[in-house]
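**Student:** Heads up: the sequence lines are chains D and H, in that order. For the first sequence, our numbering assigns the number 115 to the initial residue and increments by one for each residue that follows. For the second sequence, our numbering assigns the number 19 to the initial residue and increments by one for each residue that follows.
Note that these hints are calculated values from the structure, not bench results. Mixed in with the good hints there might be a few duds.
[Stated by the list, open to error] Sample of chain D residues with no beta-carbon within 10 Å of chain H, all distances over it, derived:
no., residue
1, His498
2, Thr627
3, Lys662
[Said to hold, decoys possible] Below, computed lysine-lysine pairings styled on DSS-like, alpha-carbon distance capped at 27 Å:
no., chain 1, residue 1, chain 2, residue 2
4, D, Lys705, D, Lys694
5, D, Lys282, H, Lys122
6, D, Lys140, H, Lys82
7, D, Lys513, D, Lys655
8, D, Lys513, D, Lys282
9, H, Lys388, D, Lys282
10, D, Lys733, D, Lys706
11, D, Lys654, D, Lys724
12, D, Lys706, H, Lys69
13, H, Lys69, H, Lys82
14, D, Lys142, H, Lys382
15, D, Lys282, H, Lys176
16, D, Lys672, D, Lys654
17, H, Lys122, H, Lys388
18, H, Lys382, H, Lys122
19, D, Lys662, D, Lys672
20, D, Lys705, H, Lys176
21, H, Lys122, D, Lys724
22, D, Lys586, D, Lys725
23, D, Lys694, H, Lys128
24, H, Lys382, D, Lys706
25, D, Lys581, D, Lys662
26, D, Lys694, H, Lys462
27, D, Lys672, D, Lys655
28, H, Lys382, D, Lys705
29, D, Lys174, D, Lys185
30, H, Lys382, H, Lys176
Every residue, glycine too, gets a C-beta built ideally from N, C-alpha and C.
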Amino acid sequence: MDFTYTILIPLIPLAVFLILGINALKIKENVAGIVGVGGLLASTILSFYTAFQYFFKVGKVDGVYQTFVEKTVWMNFTDTLAIDMGVLIDPISVMMLVVVSTISLMVHLYSRGYMHGDQGFTRFFAYLSLFSFSMYGLVLATNLFQIYIFWELVGVSSFLLIGYYYTKPSAVAASKKAFIVTRFADFGFLMGVLMIGYYTGTFDFMALNNPAALQDLSSPIMQYSGITFMGFSVITTALVLIFAGGAGKSAMFPLHIWLPDAMEGPTPVSALIHAATMVVAGVYLVARLFPMFYFVEDGIALQVVAYVGGFSSLFAALIALTQHDIKRILAFSTMSQIGYMMMALGISGYGGVEGLGFTASMFHLFTHAMFKALLFLGAGSVIHAVHSNVLQEMGGLRKYLPITHITFLIAALAIAGVPPFAGFFSKDEILAAAYESNRLLFWVEWTVAGLTAFYMFRLYFGIFWGKERVYKHTPHESPLSMTLPLMFLAIVSAVAGFVPFSQFVSPDLAGYTTHIHMNIAAMSVGVGVLGIAIAWIMYKKETDIADKISSAFGFLYKWTYNKFYFDEIYLFVTREIIFKRIAQPFAWFDKKIVDGTMNLIGNSTVDISKKIKGAQSGKVQDYAFAFVSGVVIMVMVFIYFMN
Amino acid sequence: MDILSLFITVPVITILFLTFTKNLQQVRIVSLVGMLIQLGMSINLLFAYFKERAVNTDMMVFTKDYVWFESFNIHYAIGVDGISVALLLLTSIVVLAGVFISWKVTDLSKEFFISLIVLATGVFGFFISIDLFTMFIFYEIAVIPMYLLIGIWGSGPKEYSAMKLTLMLMGASAVLLVGILGIYFNSNADGGPLTFNLLEIAQVNIPFEAQKLFFPLTFLGFAVLGALFPFHTWSPDGHASAPTAVSMLHAGVLMKLGGYGIFRVAMYLLPLGAIDWSWFFIILSSFGVIYGALGAIRQNDLKYINAYSSVSHLGMVLVALLMMNKTAWNGAILQSLSHGFMTALFFALIGMIYERTHTRDIHKLGGLLKVMPFISAIYIIAGLANLGLPGFSGFVAEMNIFVGAFENADLFRRVATVAVVSAIVVTAVYILRVVGIMLMGPIKNEEFNDLPASTWYERYGVYLLLIPIAGMGIAPLWLSDMILDSLTPFIARF
Chain D
115 MDFTYTILIP LIPLAVFLIL GINALKIKEN VAGIVGVGGL LASTILSFYT AFQYFFKVGK
175 VDGVYQTFVE KTVWMNFTDT LAIDMGVLID PISVMMLVVV STISLMVHLY SRGYMHGDQG
235 FTRFFAYLSL FSFSMYGLVL ATNLFQIYIF WELVGVSSFL LIGYYYTKPS AVAASKKAFI
295 VTRFADFGFL MGVLMIGYYT GTFDFMALNN PAALQDLSSP IMQYSGITFM GFSVITTALV
355 LIFAGGAGKS AMFPLHIWLP DAMEGPTPVS ALIHAATMVV AGVYLVARLF PMFYFVEDGI
415 ALQVVAYVGG FSSLFAALIA LTQHDIKRIL AFSTMSQIGY MMMALGISGY GGVEGLGFTA
475 SMFHLFTHAM FKALLFLGAG SVIHAVHSNV LQEMGGLRKY LPITHITFLI AALAIAGVPP
535 FAGFFSKDEI LAAAYESNRL LFWVEWTVAG LTAFYMFRLY FGIFWGKERV YKHTPHESPL
595 SMTLPLMFLA IVSAVAGFVP FSQFVSPDLA GYTTHIHMNI AAMSVGVGVL GIAIAWIMYK
655 KETDIADKIS SAFGFLYKWT YNKFYFDEIY LFVTREIIFK RIAQPFAWFD KKIVDGTMNL
715 IGNSTVDISK KIKGAQSGKV QDYAFAFVSG VVIMVMVFIY FMN
Chain H
19 MDILSLFITV PVITILFLTF TKNLQQVRIV SLVGMLIQLG MSINLLFAYF KERAVNTDMM
79 VFTKDYVWFE SFNIHYAIGV DGISVALLLL TSIVVLAGVF ISWKVTDLSK EFFISLIVLA
139 TGVFGFFISI DLFTMFIFYE IAVIPMYLLI GIWGSGPKEY SAMKLTLMLM GASAVLLVGI
199 LGIYFNSNAD GGPLTFNLLE IAQVNIPFEA QKLFFPLTFL GFAVLGALFP FHTWSPDGHA
259 SAPTAVSMLH AGVLMKLGGY GIFRVAMYLL PLGAIDWSWF FIILSSFGVI YGALGAIRQN
319 DLKYINAYSS VSHLGMVLVA LLMMNKTAWN GAILQSLSHG FMTALFFALI GMIYERTHTR
379 DIHKLGGLLK VMPFISAIYI IAGLANLGLP GFSGFVAEMN IFVGAFENAD LFRRVATVAV
439 VSAIVVTAVY ILRVVGIMLM GPIKNEEFND LPASTWYERY GVYLLLIPIA GMGIAPLWLS
499 DMILDSLTPF IARF
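In isolation and in its complexed conformation, chain D is listed as follows (with noise of 0.2 Å):
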């Protein structure tokens, strides 16, 4: 099968950027519209084809599925290592092909009517699709360059697209924040793709994620592993630096603290890139090496891998319960449901059903992609009707907006884990992967599910329920631009847990089917209905047991409230030590003794030249004088010697 053709799904929105970009200025928004949103539903008609030939055209050849590559040489650093530049497509490509086009697709819908009459219009679209082009390249890269490449690309797309209403200046901090931010992380990810450079001496994933290579020691990948960096293989050292710029991209702890504030850039961008799309980026990541992950070491950096998803979860669980913002809340959400997926890829195994916990990891981005979705842009309508982000100004709105409580309620019961909604199939994998290999994990998130369904119904409850505010206009319903997106992703959050994911996508390519744990489900499922009640009785009607609560854990209540201080320690570190105790010394240093010295070797020579030139005096009478000074001392000397 040749899937040549797949090259078009990134180009096409290259293309769009080009024509929108560099006439920003000059092209009218309706033509703008169309034309990012047609060059995207050509993409995504692609996808589906590819999908469709891919799943069920080829299928599976021997009882797996087969991985196609088209690539090309795009630069050589020497005879055998090179970056190029291709397709990969492979289940986890495919379906994350489906989830990109789709959201991406339904964002671009949707800005259509939240972004009408905005003077930038048409720069925004020019900058979607040039976000859009670079997660496709991200997705189907060939090699670990080409993923670094493209993961560059997003993260400009994503500072571009935060710092949007770039005369705010709460905007332009937030757009640099994310991005040193996770620069940072990428000074990590690009030391492990060194490193797997030099000692494995390819970057391509076909040859690195070889099982067979993987296992063997003296394979061409493997043979410098037993070079050792603090007491761990080089390999696995450099996964962990891999790891650790996809931790940056995914917002896990602790290099989550510039996920918040990209809440500034507009709401259809909060969906696309920092709910289903980009932030997955490091899970794909992790999921794209998972050979290289389970295998080198046994699984050590895997390991790092289960615990940081697992803690991130449960830490971003425990501030969305204060959060006042309704867009941070689902920011914080974001985090707690990615450390679920990293959590997943860390604690799953290879083969067969063992691989459980790696479907399920991708069956949660899945389905997440769509709900998280579809509760962003949920609140974007909400925050386009009341013209306002905080939890506190909004209430009985469920009159007003019908349609967006209703697809609204339908994702929150989907995160909730909720049967028979998506959020309930993906999540109850999870458990029953993290039940089977780690205890202490299943507790933590079977406590992150409790916490889950209980802000998302506080939020649910406090918007659509509740007490009615004094609103300066009647809000009202969005129009049907943005409204559609929501119902086709609320039937898809409905419905999506329904895919045998099983079959399609796990480690070995080969699928498998899996059934519901009924054990483990009761389990999940009981702990949400439990944070709805409690959600129910705190905030459906106005009462004040939330406040008497937080009073009671005052501490608590503040410390989660202000986000366990994370920015206020960056703040002091960035700030305090590395702005005032290192660069203002090095300039002090630059300009006094450096500069100084130069100036000084300069202004003695001057000097020394202003003593010298009173010996060129021009008179005989001191030409001969020091003459014969000269000489008596030469002689007095001479006689010392002498004797």
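Start from chain D and add chain H according to the hints.
**Tutor:** Chain H alone, transformed into the frame defined by chain D:
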């Protein structure tokens, strides 16, 4: 006239014509036509080189040799390989862009353009020479007009800056001359005549003791121009005082002479000395990478920021040269090219901003994206290119440097490599700081609302520089392979 000698003949003829021009318009037209021809010749040379390379495997092609000064065996010997072809292209593009950007220079315009083109002549001559002495003379021709250009057309403390720059570069030249003479007097190990010809010297084995003595002199002589820490201090002051086109040419082209000279002369002729001294200069230059980047974080003057950024980026060139393998060297040459285009672009944009707002203090500027969208958008693109975003030349160059540097497995070079790679984070900080304060945010000064839009000559200058930056970044294969191919004779020496 052969294909290479034209590169110095055309500018000289242009200068002759310029002396007869009567008014500003004629000065502009003559300079523009002269430099357009120069660019056409560079592009032609590129194709001619590919054609010649297919049949000719010598290190240098299009060689010509005329005796010039017989008693010292000084020749006018010329020739090019892939490296010099690429740098000639860089030079002609930057000079032409400089002419566009200087369109508005009305003050002593004839003298200004003459000095500018004299400077360019020196650079062109330097890149085609393969005789050490001729090379050195061209080097001096390029450096001296700088004093006049800054001292007369500059701004701020221009006399101080011009004097500082000239003194430091002249001091370096003196050291360099000692190094070159040292090489010359050791060029007849087998008892033949002494020679300045690079290719002939490479045939003899200069004794290790002499290499050890003369390598640091030659290296330092060139490295001062390449802004090696701690000899970089002439560059921030010099750039800040220089007029726009001079900053462009100086940072874009002249500073490249340093890295090129180190590679072509010091390392190619004195490989044993290079190996012996590399640890010392790796410390200085990798420290310079971090030092320059951190220095840029705390500056408020746009030109200072860019000057420190240059210290950082050119430090990478020096580190890469000392990492002793083809990948890193390829990165060093690519970085020279990439930095040349990018920094010229930056200085051009800074010039445009300064001309309109009369300030270069980023805290006095703000929200420029709203009032001058074209200039600001290009500034952001240039900034992203500067911080090594894929799709632009900087990424290609840096990745070659990093991968090449990582090939050295010893702990010392590993530490240096990690230090150099970490600069990608610091670079992002200072670039985004400028973008955030100066271009984004609310408009600081209401008067900015009436600023004029960019003019046609400004746009041409900008496009001229932007196209190669993007071209190198999107399709690096042909260029990087051309350079990689030319590195084989060098690696054979090590």
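**Student:** None of the hints should be skipped; say for each whether it holds.
**Tutor:** We went through each hint and held it up to the structure:
Residue-level check passed: His498(D) sits 24 Å from the nearest beta carbon of chain H, beyond 10 Å. Distance to chain H confirms Thr627(D) as a non-interface residue, since its nearest Cβ pair spans about 42 Å, more than 10 Å. At roughly 42 Å from the closest C-beta of chain H, the C-beta of Lys662(D) stays outside 10 Å, upholding its exclusion from the interface. At roughly 16 Å between alpha-carbon atoms, Lys705(D) and Lys694(D) fall within 27 Å of each other, so this suggested pair holds.
For the hint linking Lys282(D) to Lys122(H), the alpha-carbon distance of about 35 Å lies beyond 27 Å, and the restraint is violated. Pair hint Lys140(D) plus Lys82(H) does not hold up; C-alpha atoms about 53 Å apart against a cutoff of 27 Å. Pair hint Lys513(D) plus Lys655(D) holds up; C-alpha atoms about 15 Å apart against a cutoff of 27 Å. As the CA atoms of Lys513(D) and Lys282(D) are separated by approximately 33 Å, the hinted pair breaks the 27 Å bound.
In summary, the hint linking Lys388(H) to Lys282(D) is supported, as the alpha carbons are separated by about 12 Å, within the 27 Å threshold. For the hint pairing Lys733(D) with Lys706(D), the CA-to-CA distance comes to about 42 Å; that exceeds 27 Å, so the pair is violated. For the proposed pair Lys654(D) and Lys724(D), the alpha carbon gap of about 90 Å is over 27 Å, so the pair is violated. In summary, the hint linking Lys706(D) to Lys69(H) is not supported, as the alpha carbons are separated by about 53 Å, beyond the 27 Å threshold.
Restraint check: the Cα-Cα separation between Lys69(H) and Lys82(H) comes to about 18 Å, which is no more than 27 Å; the hinted pair holds. A hinted pair counts as satisfied when its Cα atoms are at most 27 Å apart, and Lys142(D) with Lys382(H) does not qualify at roughly 33 Å. For the given pair, Lys282(D) sits about 38 Å from Lys176(H) by alpha-carbon distance, which is inconsistent with the 27 Å threshold. Restraint check for Lys672(D) and Lys654(D): satisfied, since their Cα atoms lie roughly 24 Å apart, inside the 27 Å limit.
Taking the CA atoms of Lys122(H) and Lys388(H), the gap is near 25 Å; set against the 27 Å cutoff, the hint holds. Straight-line distance between C-alpha atoms of Lys382(H) and Lys122(H) comes to about 24 Å, which keeps the hinted pair within the 27 Å bound. Straight-line distance between C-alpha atoms of Lys662(D) and Lys672(D) comes to about 14 Å, which keeps the hinted pair within the 27 Å bound. A C-alpha spacing of about 18 Å is found between Lys705(D) and Lys176(H), which places the hinted pair at or below 27 Å, so the restraint holds.
A C-alpha spacing of about 42 Å is found between Lys122(H) and Lys724(D), which places the hinted pair above 27 Å, so the restraint is violated. Under the criterion of a C-alpha separation no larger than 27 Å, the hint pairing Lys586(D) with Lys725(D) is inconsistent with the structure, at around 83 Å. Restraint check for Lys694(D) and Lys128(H): not satisfied, since their Cα atoms lie roughly 47 Å apart, outside the 27 Å limit. For the hint linking Lys382(H) to Lys706(D), the alpha-carbon distance of about 26 Å falls within 27 Å, and the restraint holds.
Among the hinted pairs, Lys581(D) with Lys662(D) is consistent with the structure: their alpha-carbon atoms are about 18 Å apart, no more than 27 Å. Pair hint Lys694(D) plus Lys462(H) holds up; C-alpha atoms about 26 Å apart against a cutoff of 27 Å. For the hint linking Lys672(D) to Lys655(D), the alpha-carbon distance of about 24 Å falls within 27 Å, and the restraint holds. Distance restraint check for Lys382(H) and Lys705(D): the Cα-Cα separation of roughly 23 Å lies within the 27 Å cut-off, and the hinted pair is therefore satisfied.
A C-alpha spacing of about 23 Å is found between Lys174(D) and Lys185(D), which places the hinted pair at or below 27 Å, so the restraint holds. This hinted pair checks out: Lys382(H) and Lys176(H) have alpha carbons roughly 22 Å apart, not beyond 27 Å.
When the structure is compared with the earlier hints, violations turn up for hints 5, 6, 8, 10, 11, 12, 14, 15, 21, 22 and 23 and for no others.
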